[in-house]
Structures are given as C-alpha cells and as structure tokens.
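Mind docking chain B on chain A? Use the hints.
Taken in order, these protein sequences are the chains called A and B. Under our numbering, the first residue of the first sequence carries the number 7, and numbering increases by one thereafter. Under our numbering, the first residue of the second sequence carries the number 4, and numbering increases by one thereafter.
Just so you know, these hints were derived from the structure itself, not from any lab. Yeah, the Cβ is synthetic: ideal placement off N, Cα and C, and Gly gets one too.
No more than 25 Å apart at the CA atoms, straight line, and that leaves these computed lysine-lysine pairs for PhoX-like:
| id | chain 1 | residue 1 | chain 2 | residue 2 |
| --- | --- | --- | --- | --- |
| 1 | A | LYS218 | B | LYS190 |
| 2 | A | LYS75 | B | LYS108 |
| 3 | B | LYS196 | A | LYS180 |
| 4 | A | LYS75 | B | LYS104 |
| 5 | B | LYS148 | B | LYS108 |
| 6 | B | LYS187 | A | LYS213 |
Okay, the calculated bits of chain B under chain A, using three or more residues with CB under 8 Å as the criterion:
| id | stretch |
| --- | --- |
| 7 | 101 to 110 |
| 8 | 183 to 196 |
| 9 | 359 to 366 |
| 10 | 381 to 388 |
Derived list of chain A stretches under chain B, where covered just means 3 residues or more per stretch with a C-beta under 8 Å from a C-beta of chain B:
| id | stretch |
| --- | --- |
| 11 | 96 to 103 |
| 12 | 213 to 227 |
So the chains spell out like this:
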Amino acid sequence: MSGLTKKIVALAGMSAFVAGNAVAADLTVVSWGGAYTKSQVEAYHKPWMAQSGHSIISEDYGGGIAEIKAQVESGNVTWDVVDVELSDAIRACDEGLLEEIDHSTLPAAPDGTPAVDDFLPGTLHDCAVANIVWSSVYVYDSSKVRNWNAPKTMGDFFNTDAYPGKRGMRKSPKVTMEFALIADGVPVSEVYDVLGTEEGIERAFAKLDTIKDDVIWWEAGAQPPQLLADGEVIFTTAWNGRVFNAVAAEDQSFEMVWDGQIYDLDLWVIPKGSKNVEAALDFVRFSTATEQLANQASWISYGPARASSVPLIGTYHDNAAINMADHMPTAPGNFANALQNDFEFWADNQDDLNERFNAWLAQ
Amino acid sequence: MDVSQPITAADGTPLKKKLAQAMFRSKLRATGLVVPLLAFVLASFVFPILALMWQGIHNDTFARLMPNLTEELRVWDGVSDPTEEMYALLVADLRQNRADKTIGKVASRVNQELAGTRSLFTSTARKAKKLEPPFKEALIKTKKKWGDIKVWQAMKLTNQSLTPGFYATSLDARYTVDQGFVMKEEKRQIYTKLFVRTLMISGSVMLLCLLLGYPVAYLLATLPLKYSNLLMIMVLLPFWTSLLVRTTAWIAILQSQGVVNDLLVWIGITGDESRFSLIYNMTGTIIAMTHILLPFMILPLYSVMKTIPPSYMRAARSLGATPTAAFIKVYMPQTVPGIGAGGLLVFILAIGYYITPALVGGQDGQLISNMIAYHMQKSLNWSLAAALGGLLLLGVLVLYWAYDRIIGIDNMKLG
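Chain B extracted, bound-state conformation:
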C-alpha cells in the first residue's frame, strides 16, 4: 500500500478531515454548554468592571454639557486672560444648563477640580438669563471669582474628557494646566497613606489568621470524628453570624469598661484609672478583623490537611526524624497549597473591608475602601472612586502574579 496516499473514510473523504469535522462538532457542543455562563460572567462581572475602570480615566460631563465653550477652552493656552468671546459662550452654556436643569452636574464636576466653585456655577446660572453684554464685566460683577484664572484653568482641565486627573488624585498628586503633575501639600496627602495602611492591616490580619488558624485546622483534621465535628461547629457558628453583630460584640468585650478590662482590673494587672485601650484603634481593628476572617483561613487549610495521609509522618519518624523535624520537613510543605489559598483569600477580603474598621477603628480605622465608599455614596465622584478601585485591583493583580511566580497558582487548593 502506498504510504503517501491519505487514509480515507468509507465515503472517500480523507480520515484526517473527517476527524477534524467530528472534533469541531463536539467542540461546538462543548462551547454551547459554556456560553450561558460565559455570557453571564461577561455581562455581570467583566463588563461592569471595565466600565468602571473606563470612568476612572474618562469623564465627559463638562464637554458634553457645555458644547459652546468646549472648543474655545480646548484651544485656549491656559495662562492668558480669557477673552470676551469665551465669557459670552460661557453665559450661553450656563443659560442652556439652567433651562435643562443640568447645571448641578457641571458645577459638581468643576468643584472636583477646584473646591468652592459649585455655588459659583449654580448661583450664576440662576442669574444668567438677565446678564447683558459685555459678558466679561457682567460676570465678574456678579461674582468676583469669574475673573480668577484658576476657575478657567479648572474648567479647561474638566473640559478634557480623557484625563489622568483622577488617578493623579488617587496618588495624592494634582494634574494642572501649566505645570503637569504636582504633588499635593503634606496636609492634603491622604490616599497613599490609606493604601499603605490598608495593605499593612490586611497583611497583619493574614499573618494572625495563619498563626491562629493553623493549629485549629490541624486539630480539625487529626482529632477523632466526634470531637472534630464539635470543633467544626464552633468554627462555623460565628461564620454564620452577622458581621455587624460580631463587630459590636467585640466592642462590648474590648471597650475600656468592657469584659476584658474589667477582668484585668479585678485580677489587679491594671488599675481602674489606667485601663487598656483595646478598641477604637489599630489593635481593635486587627483583633475584630482577624476573628471575622479566621474561618476563611481555617477551611482551606483543613481541606488540604485532611488529605495528607498520617503514614507520611509515621514514616519520617521511623526513619529517625524528631517530631519537630518531621512536622517542618514533611508535614508543613504538604500544607503549602492550603496556606496559599487561605492567605490569599483572607488578604483579598481584608483589603476590601470597611464596616468593621469604621466601627472599631477610631482615628486609625479609615481604610482605602472607606474613601471609595465615600466617593461612591456621598460625594458622587464616581470617577475618583473608580480610579481608587482601579489601583486597589491593580495591587491585588500584582500580588496574584507574585504568588503565581513564587508558589504557582496551580498549587492553590480551595477545598
């Protein structure tokens, strides 16, 4: 038989082609099964995140709502005196926004760049109808601030729809018309501090969870069933209790007139006048968060430890290892996937925490997620919230990447 002749199927087509067709069909069927989930994930997870990230660098409120002025502002150099024509266009846009009831949006947007301009816009818009040319004089007469070049520079900045301004703010810098990026003065720097603090607290909580959770998980995995079941219930019970209830319980326990301090005074470790401050500070935040996140460390650890055959330890002992050496050299390396999974889980959850730190944290309790919530709910500066969230996401991705490089993500085991 000629080897170069392709093998054919019964109907004469080459077998290779036939196989590819069959494979394609089954692949299509498999994809068809996945499509609903994929579409769901795209629509409810990937798309909103991308949309939010987009908001962090793109905000066209000003350019969209001030259509007359936008072109003039774009060509204006940002330092020379604004011309009468620019003032006239401004008045036209203010009138239109007043009629459309959109002036508040413009005012909020400019106020984000320069505090104190919100009322300048809203109050001038109310009077805009009655203004007569020359508009420059008329506007400056209504509000002196209209003659201030800073107001115009702020408008020029907000006029730029695609802007690095929000990311700059998230890093305590300012993006300006004439000098590019400038660091904010010391007393206004807040976000970088909060990022560092958030990472520090999350890191300490993760370590504490590991220290406390590891022995518990070990007990769970090695005790006879009747004891380990009871222990498991004790781990899970708080897990099912409301977050707020657990947080307030810690307040009752740790406050200066609380259980722990009463006990210490009663024993005589401390005087009635010099009770310890265990809550409304960093200590309280770390204690409460560690307690709340502990199950997320214990459960992955337990699921890994459960699968480690006890015979390995016995083998190590019989080959002459001391109990400590056997534990460190044989047992611990096998739990690394659990440590990795638990650590990553706790750390990532801790980064986004804000109710607990807000309630028990006192003046140290403000974390970056509090600021994100503030800008989402109170100041409505969603672009800044998106930029802060984007940086946080970036941080998590970097950690994930580092974890993958050092330990390998395939080693992670969630249960």
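In isolation and in its complexed conformation, chain A is listed as follows:
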C-alpha cells in the first residue's frame, strides 16, 4: 500500500544516496521527469559528462521549493542543481535558500554578444538562469469528427453552445483564472491589472461558472493528453511540451490553440550549501550555452531562453519532417496573443486565490 510504496521509495532513495557518496564529483541534477528530463539528459547531461569527466545523477521531483527548503535548513543539501518555475526561483532566492549566480560568467553567444544581452528579457535573476520557455495552451483532437468549426480563440474554450462537451482544466487557480479573463474579453496586457481587483476575481469566477459543470479537473501533467486520447474531453488545457510529445512520439492528432497562451520559464538554481557548487556552476554555464539550448529544442518543443539559440533550432530528433521552430511557444505564428505569467502577482496572491478557488469548487 502507500506505506509500503513509501518504504520502497525510501530504500531506493537511500541506495541512490549511498551510491551518490561513493564518488565525490557526482552532481545531482533534479528536474520534472518524463520527456522533459529526457531532453535535458540528451542535450545537457551527456555532453557535459563527456567534457568535464564528472557524472550526473538525475532525479525527478514534482516542483515547489519545500524540498530545497528542508535540505538547506537542515544543513544536509543533497541536490546540486534544480529546475524550478520562475515564481519559486524568486521566492527561494528571497528566502536565502539559493546560491547567487554571477551573470558575467555565463558564456557569450557565438557572435560575441555577452550573455546578459543574449538572454531574453526577464530570464536572468540573481539566483537563477532560465533554460526554456514553456506554455499553457488548450488542445483538441482533430481526428475525432465533430460537428463544429475548428476552435480558434480562448473564447471558444468557454463557448459551450458552439462546442458542447467536457473540458479538461488544471485544478489550480493559476492559469485557469487568467484563461477565464482572456476568454471574457480582457486584453492580455491588462489581465493581471484586472485580476488584482475584487471585481476582476469575481469576473473570472463568473466566467468559470459558465463551464463549471462541464469541467474535468486534472492535477498531473500526464493526465490531459490521456483524457483527450480517451475521448473523455473535447478540449483540455495542457503544457505544450506534453502535447507535442503526444503528437510527435505517440502519433496523436492533437491540435494546439495558441490564442491566449500563458508562458512561463523554467530555470536552473543551485541550493545554498551544495557540496559541489563549482561543478554545479560549471554545469549551469555549460547547459545554458547557445548550442545546448538549441539542441534541447530538438527533443521537446520548449523554446530556448537565448535569442542566439533560436536560428539554430533544427528538426525533431527522430523525425526530420517536424520542424521544431514551428512548435515553439515563441514562434511568431503562435506568439500573437500571449501572456507572460506574472510571478509577482502569484507570489502575492497564490495562497489567497487558492483558498477561494477551492471554496468555489466546493460550492
């Protein structure tokens, strides 16, 4: 049962720990698992190990900074490099849980542009260096013959008259409330201003009320492609890389609707007190170089955080017919009506809105 599972996990963790201590220069790199970790292993870990002679233990986690906090505060830091979301990076940095990273030591672009100018705006922070841009979008299955025109806008997601059927959404106020406001006609540039007011919050919930009975709420990132493939839902919100993976690797005929997409960053951070800070810094520098970021993009459709990587993006690693550049959240055709997740807004309001969101769900 769950207790037994925990024990097995703990045992596995312990054996990994013992193995980890056997060689001193082992770097523990923690990320989100699945196709995403695979893209990092192929594009970053393998070449770095070959070049530096160190080895990497790759671990998976489910996001959040609870583990980093626990490790740093107990003084037993076993993670060296962690892939985190922007709001978590900022928060952990503010709480003094992370090592600072000197931006001037990051490698310059091939044409000599210094890193600070080459990275996209807002992707470099005191304690964190972004590697990718990912996005929340909504998807439908184009292989299922239905009696409607292909959806084009965020408004269509909420239009149950023209598109009757169940919809999948993430059980979290983040992104869900922004989608509701965009669908209700709020321009993307004003979404967070509106959401910052009491009327705006009411407005978002009122819009969500219109589809509440038709929503199947998902929690894990692997759920939405499955819901769609099973025909449980006609639309679902999802992370674009997961959808791309279902299309490219599993031959699903999912179509993404990029209108109103909300994009966010994933960044590398180094927990304070890591036993391999130098090697960790070296890994961060290596993996965020122009070439590595471009390579990663051939494994998963998350956009590189560097301007100089964009022209180098090639085709999908085992299918030359898929041009990766077209599938990036930042591709011009996809980026027309996009919103960047406001980490400061969510740092301030996450707990409050989460409470209200759950109260709304329970009504």
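Frame of chain A; chain B shown alone:
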C-alpha cells in the same frame, strides 16, 4: 513465634525488603529491554508530532527577524496611526533582512495574514538602503500601501509568536487585532467544508467496506482450505499492487468511454449520448477508495472469524434458532472485535487519503489532506498545515475515545 517480628532472610534483612530489591532489579532489566524501542518511538514519532503541533500555535519568524520593530509593535494599540519612530525601526529591520537575505521569510509570514504584502516587503527591502528620513513619507512614497493601517495590523498579528491565528484559519475564522475572532465571508470558507466532506467520505467508505468485506471474510473463514487459499490470494493480490496503478485502472474502467459505460450502452441500459458519470465525482472517489481499503477490513474480520468454533452455530440451531436468528444472535456478536478493528483501521486510513481523491474526485475530490499537502509542499505555510493536521488528529482521538467508551478498546482484534 512472635508474629509481629518481620520474617528475615538468611543475612538478617527483612524478607520484604529483600523481595523488593529483587523485584526492582528484574524490573530494571525489563525496562532496559524496552528502552531502545521507547527511545525510538519518542524520537521518531512522539517528538515530531509534538514539534509539529507546537508549530501550529507558535511562529516566531517575524519577532525573530524584525528585532527592532517587535517591541514597538507589541505596545502599539493597533488602531492609531503608526508613528515616525515605528517607520524608522521598520526601515532598519528591512535593511538588515535585505543584507541577511531573510526578507523572503518575513514577507511570506506577513503575506499569510494579508494577501498582497509579499511583494510590498521584498520590493521595499530592495530599496531600503536608499531611503532617507522622514521615513514615514519616504516609505509611503515608495509604496502607497505602507500608509494602510491594515498592513500594520497584519504585522502586529504576525509579531505575536504564540498565536491562535492558524487554528482560527483552520476553522474558517480570522483572528484580528481589533475585533478578536471573526468568521470569514461565505465565499472564502473552505476548511470546515473539507473536514465535513472528509469525514463523510471516510464514513461511507468504511460502511461500504464492511458491507462488501463481511461476506468475503466469512467465506474465507468457512470454505475448505483449497478454495479459501485461492480466495485469499485474490484478496491479497490487489493489496500488493501499487496504489497509483489501481487508481488509474479505475479511471479506465469507470470513465465515460470506459468499460462499464461501453457495456451499459451495448446492453441498451443507457444511450450513447447519455453515458453515466461514474468518475471524476464523489461516486468515483468512494468506489476507488473502497476497493483500495477493502483488504484492511477483510483481514481483521477474517482473523476473528477464523477463531469462532462452528459448533456454536450448530448448538444455536439445535436449540431451535432459525439460521438468520442464529447468525445475528450468536455469530455476529462474536465478530464485533473484528468489525471494530477493521472499521477503525479503514476509517483512519481513509481520513488521510489524498492521491486517489485528487485523481478521480473531480471538483468534489478535494479532501482536507489535499490542503495539508498543499500547505506543506507549495505554500510552505507549515504552521497552518500543522493546525489542520492537529484538528484531524483531534478528530481521530475523539473517535478513538468514543469507540473505547462504546465497544471497549480491549475488544479490538487486529489479527
């Protein structure tokens, strides 16, 4: 022989004393054997729980990290305008926290009381070095919010290290500076609802487990060995399968395009357009949880039933009882210890469940343990998580007490 004279041992000491000494030694030896386990239980179970409970009423983050301001805030009445001196002390503390990289902790703590203050603290701290007196004006100029009395009231509340605030939040109330405890508005009330729902779901799962498990346990205990062994394997096999695998299997079975609905459509009980919603709601949660917890009911029941001699039933029948009467009056009372053990086990496990309800529960699937996990892992509000956990623990203890009063804990039999 004089009876008042105490009986003595060979060396002349009174026998009573000698006996006490011997008893003491053997008691010491017995205690010595128990000490390792006792120390282990204390260190790994009792102490962490007490420490967590302590967090639920005690949080000194603010008072510890804002040492200059803390005394002033304590004496401030909470309604009058904050003085220039308070603003000056605030700036001094912000500067120090900025230098120590601890401002995030202060900001998170105040944000728990008043949403929206996190960035107020972090962004002001970044600029604190450049601020010049008078600080009141300077601060309000950087962020208008510093003039808001609510921010100061929130600080005064967080400044209080020993606080009932987290328990109040767990019961959908708010602890305020000027009005004491106030209930939250309707649209923000969530925790009491979730407590009630958690208890309800756990109760239904327990009853269903009993209804389904009792006959199975009876069969297990009475069938000939070769059949009952096979049956036992069928009970235990799912027990050894991963929780997540079983949960996802239920999704495949119950979803609207799933096996059960396909079958119903094929038979013609329902139309293709009006398939039943068996999952992503309360029904799905109860079905999946009942299945997962069923072995915990069957095994204690079986172990009790196995010990009931079949001759009792035969005796009841020979004395004229109908099969039903014999079963209800003779057999069932003897299984009560098993029912109690299984029921309590299932109920207590069900209260803490959250992965299954999260995956199959849809909008009804949020239970109190989901919120505890959220506050432990995501919001890092460990004090609130501790308070919620404390209330849950209290609930379990009350149940345990009630069980002891009604049935008697000595009657419980786990196997």
